[in-house]
Amino acid sequence: MVWRNRGSVTMNVKSLPLWVKTSMGSVAILVLFGVSVLFCIFNLNGIAAKVQLFNQAGKLAESIYTAQDFQGTYLLRQDDAQAEAFKDNMSRVKELGDQLQAEVQDRALLNHLQLLSDNILLYNGSFDKVVGNTKQLKSLKGTLTQAYDTTTGLLVDKVKTPLEDRKNNALIAGKELTSYEQELLSVTEKLFTLMVTTRLAENNYFLHEDNQAMKRVVDGMKFAAETFSEWSFLAEALDDKDIKQVPPQIRQAMAMYSGSQFEQIAKICEENRRLTDGMLKQKDEILALIRDFKQGTAVLMDTAKSTASRSITLLLALGLLVGSGISLFTGFRTTRPIKNIVNMLKDIAEGEGDLTRKLTEDRSDELGEQAKWFNLFVEKIHALVKEVAHITEKLNGSSIGLADLAGQLSTSAGHMKTRSNNAAAVTEEMSNNLQSVSSTMQQASGNVELIVRSAEEMNKTIQEIAKNSEKARIIAAQTVTQTETASRQVNQLGQTAEEIGKVTEAINEISAQTNLLALNATIEAARAGEAGRGFAVVANEIKQLAGQTAQATVEIRSQIDSIQGATQGAVQSIAEISAVISEVSNIIITISTAIDQQSVATSEITSNVVQTSAGLAYINTHIMQSAEKAGFVSADITQVDHAAGRISENGSEVDQNSQELLRLSEQLKTLVGRFVIN
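Reminder that position 62 of the sequence shown reads as 163 in our numbering, one-by-one numbering, no gaps.
Honestly, the hints are just simulated from the structure, not real lab data.
You may find that some hints are simply not true.
[Stated by the list, open to error] Quick list of in silico lysine to aspartate or glutamate cross-link-like pairs, EDC-like style, CA-CA up to 20 Å:
no.	residue 1	residue 2
1	K261	D189
2	K239	E371
3	K230	E163
4	K345	D403
5	K195	E163
6	K239	E310
All values reported here derive from a predicted model rather than from experimental measurement.
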């Protein structure tokens, strides 16, 4: 029965798909790994919750420290805003404590949290009492301050200052205060001094809060009350209605500024100090409880981490063992059919090549499918090899016929190549002759073009010479006209010089007469003696001027003679120049006429040469076209020769390929013979 069950299990395993068999081990590992991950997540959530508890405990400690800061600031400043901030912070502390109690499940930690909550309530209640006492203390201090200010103000303004003014006025007047007034002033100063001293002791107590300072304050208030009794008696007895109104007012203020009032303040301060000390102890106890809670939470975290680590390690090891066992079993069951296929392939490849063998198909999984399709594949190869053997026989006959055809093709290509070589040689010789003629025609055309360019250049030069000759003729005509004008002007200059000579002769005569008159004047002045001495000087000056004028006239006459001589020479030179220019003008006219005739002849030569050049170009074009066509023919023949060569080469290649094909068909026949197909 057991063996039957094992066989049934084996058949069931064989019928399973291959991916199921190969993945069973991995699935087992993944399942156990998933369980480990879930367990790890569960433990991590627990650890995270404990970490959150730890962090909340830290926030709780920070809130307690913050509350302590608000407490200290309130005690220093007595600011209601600080008290409200303390209460808000303690509300957050209470909320954090309630959250911790709701989340914690460990009994020991719950006991810690309960003690912590009780201490927080005590801490908060103590601060409320401190706030109430501080408000009451502030009110009592305000009463003392008001009583002090009222008493000292009335003493100074209503009594001390008026009495000092009377004293000063009396001294100015040479008088003194009455003994009663002097005693009242002395007691007033004593009472004022006691009030100030007591106030200083009061402030000292508030700074240090020691019993000695409190005793000094109480004693000072007692002495002030006794001194006030003495002072009020004197003030009421004085005959001054203003001062008499002061004692009732001060008495009312002194009733509030008493030792019993201050003792009540001291009791409140003492209670606040006791409450503050208690709050410090409560704060330390709260922080100690928080530290213990954090330590307990840390222990729980360490325990959870170690438990999770051990559990995960155990699950992973179990998963590896189970998965490895399943993988080995399925691997063995899977690789055995694959080895059968490998052995058969090896026998086909290296053995007899028997294509008639088959694999057993006793499985319904992928390996069974593989065996079935492998058998089908071998059957197809078997049919293919038989077909290849049949085709190989046909290929042998085709290769032999192809070799014969390639030999005939190579022989025909050789004959065609010989004939194309002869035609190419003739065509190339004709092309060379045409190219030589074309080169000669191009050279002749170039020479004709050179002649045309030279004729055109000479024609341009002749035209330029004609143009310059015309300009020279015009300039010569203008020069003749200008020389005639200059001749007339020079003649006129000679006439003017002759007239100037006549004027100088007249001036010379006038200067001689003037000289004669000056001589006569000198003689007459000498006759006149002293009376004519001045006139003699003038006459002498006139005589000298007349001599200078005569001399200048002689020089002018000499220059005029020179001008007249130069003028006559210029007139003669201008006449000669005019004659030369006239001859030049006639020569230029002759040259211009000859140049015009030469220009016409040159134009005719140029026209004839251009026509000749056009004819040569036309002839050269046709020769070039003939040479080009001859080149095309030569190229075509060359291509025919190349084609014949390629046909011959292809025939050789076909022959070689047919031989290679015959050899391959023999090899293929040998390879096919290695397989058993019958």
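Hints, verified against the model:
1. A C-alpha spacing of about 53 Å is found between K261 and D189, which places the hinted pair above 20 Å, so the restraint is violated.
2. Of the pairs offered as hints, the one joining K239 and E371 holds, with about 14 Å between alpha carbons and a cut-off of 20 Å not exceeded.
3. A C-alpha spacing of about 23 Å is found between K230 and E163, which places the hinted pair above 20 Å, so the restraint is violated.
4. Taken as a hint, the K345 and D403 pair is broken in the structure, with Cα atoms around 86 Å apart against an allowance of 20 Å.
5. With a CA separation close to 13 Å, the supplied pair K195 and E163 stays within the 20 Å bound.
6. Straight-line distance between C-alpha atoms of K239 and E310 comes to about 16 Å, which keeps the hinted pair within the 20 Å bound.
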